[in-house]
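All chains should be modelled from the sequences, with the hints used to inform the complete structure.
Residue numbers (the numbering used here), protein chains in the order written: chain G, 1 to 197; chain D, 1 to 197.
Check each hint, because a few of them may be wrong.
No copy labels: a pair is met if it fits in one copy or bridges any two.
To be verified - DSBU-like cross-link-like pairs, simulated, lysine-lysine; straight-line CA separation at most 35 angstroms:
(1) K21 to K101
(2) K9 to K189
(3) K189 to K163
(4) K21 to K9
(5) K163 to K40
(6) K112 to K40
(7) K101 to K7
(8) K21 to K44
(9) K163 to K21
(10) K112 to K7
(11) K7 to K44
(12) K189 to K119
(13) K189 to K7
(14) K163 to K81
(15) K101 to K189
No lab work stands behind these hints, which were simulated from the structure alone.
Computed from a prediction, not measured in an experiment: that's the story for all the values here.
There are 2 protein chains.
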Amino acid sequence: MRLLQEKIKNDGQVLSDQILKVDSFLNHQIDPELMLEIGKEFAKRFEDEGITKIVTIESSGIAPAVMTGLQFNIPVIFARKRKSLTLTEGLITASVHSFTKQETNEISIAQKFLNAEDKVLIIDDFLANGQAALGLIDIVNQSGAEVAGVGIVIEKSFQDGAKMLSDQGIRVESLARVASLANGEVTFKSEKVEELV
Amino acid sequence: MRLLQEKIKNDGQVLSDQILKVDSFLNHQIDPELMLEIGKEFAKRFEDEGITKIVTIESSGIAPAVMTGLQFNIPVIFARKRKSLTLTEGLITASVHSFTKQETNEISIAQKFLNAEDKVLIIDDFLANGQAALGLIDIVNQSGAEVAGVGIVIEKSFQDGAKMLSDQGIRVESLARVASLANGEVTFKSEKVEELV
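The structure is reproduced here in structure tokens:
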């Protein structure tokens, strides 16, 4: 998605060869117009899948997920990282390990919002080693619903999440695929392909 | 806002005379179409204020805030409740006390996203005793920007947040004002007024 790639090039900050900071339009400050375009792009890519629900995880997944839900006119459910006072019973939970933070957290979704008839599109802002996506897939599977695919705003293709999900037969659509953050520069996977043409 | 009132009546759950649960369209599962209408309504109410930025707080404020930002075509910044690994320097922070949870948390926004030229609309899902709104106002004031107003999806008018903010001269626009949750029933403030007509 060219618009997103340009935004990453112009406004993203490469903090190391592992960390891309996009807090000016996705993770802290949000660009609503860009989110709308992202929602349209996810809707286009998954339009033939009969999606009935979107599942994401707080907080940075919410904006792109809600814009995608708007296109499909279907509900969006965000998994919580900490338990709510008024959401205590009937929770489906999964463990998510963060390699960066070196901690394991429980994420949860209220069971009543997913059922065996649902075809779920999982949306998240980043895909690195895939632990958050795996947790969300685990929750959807526990609910009896079907995972129709995973939509990612920014994939760090040099980490193993995308490959791991694909190896499990899960369709992954990433709108920007970062091949490398070496030398303080963002290189996209598609650019490399284009160079070969 | 009639559409929102109907949604609260039909899908909200009164857990006690203090607690209204709206996890089926706002707090956990999100109704994107409703969020769009909410965004349009906030944009209409604040259209003459010259708003340049929207500030909200994760997680349930994000969806209505992003839809409002879409109408104005301006950025949305969400305050974080816990610190990010890649957001560590240049933070403006405020303390927010939760009476329900009996704990005080620090919320933060990166200083670089707000400046003295900004006119800020603060958006949040609930207004009860106003502690979260006060924290956000504190952050905006620290940045040198101006608070143009506070937009609230659901105001619990029987708690003192709305009055306290108004007493400070802050314009508060709440799309649904709950006068009472007594006897397991939601009564809106505007309904009471209508009864007098």
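Okay, the hints, checked on the actual structure:
| no. | hint | in the structure |
| --- | --- | --- |
| 1 | K21 to K101 | both (16 angstroms within a copy, 32 angstroms between copies) |
| 2 | K9 to K189 | within (13 angstroms within a copy, 49 angstroms between copies) |
| 3 | K189 to K163 | within (14 angstroms within a copy, 54 angstroms between copies) |
| 4 | K21 to K9 | within (11 angstroms within a copy, 42 angstroms between copies) |
| 5 | K163 to K40 | within (25 angstroms within a copy, 41 angstroms between copies) |
| 6 | K112 to K40 | both (28 angstroms within a copy, 30 angstroms between copies) |
| 7 | K101 to K7 | within (27 angstroms within a copy, 39 angstroms between copies) |
| 8 | K21 to K44 | both (27 angstroms within a copy, 34 angstroms between copies) |
| 9 | K163 to K21 | within (23 angstroms within a copy, 40 angstroms between copies) |
| 10 | K112 to K7 | between (38 angstroms within a copy, 18 angstroms between copies) |
| 11 | K7 to K44 | both (20 angstroms within a copy, 29 angstroms between copies) |
| 12 | K189 to K119 | within (29 angstroms within a copy, 40 angstroms between copies) |
| 13 | K189 to K7 | within (16 angstroms within a copy, 45 angstroms between copies) |
| 14 | K163 to K81 | both (25 angstroms within a copy, 32 angstroms between copies) |
| 15 | K101 to K189 | within (26 angstroms within a copy, 46 angstroms between copies) |
Violated hints are absent here; each numbered hint is respected by the structure.
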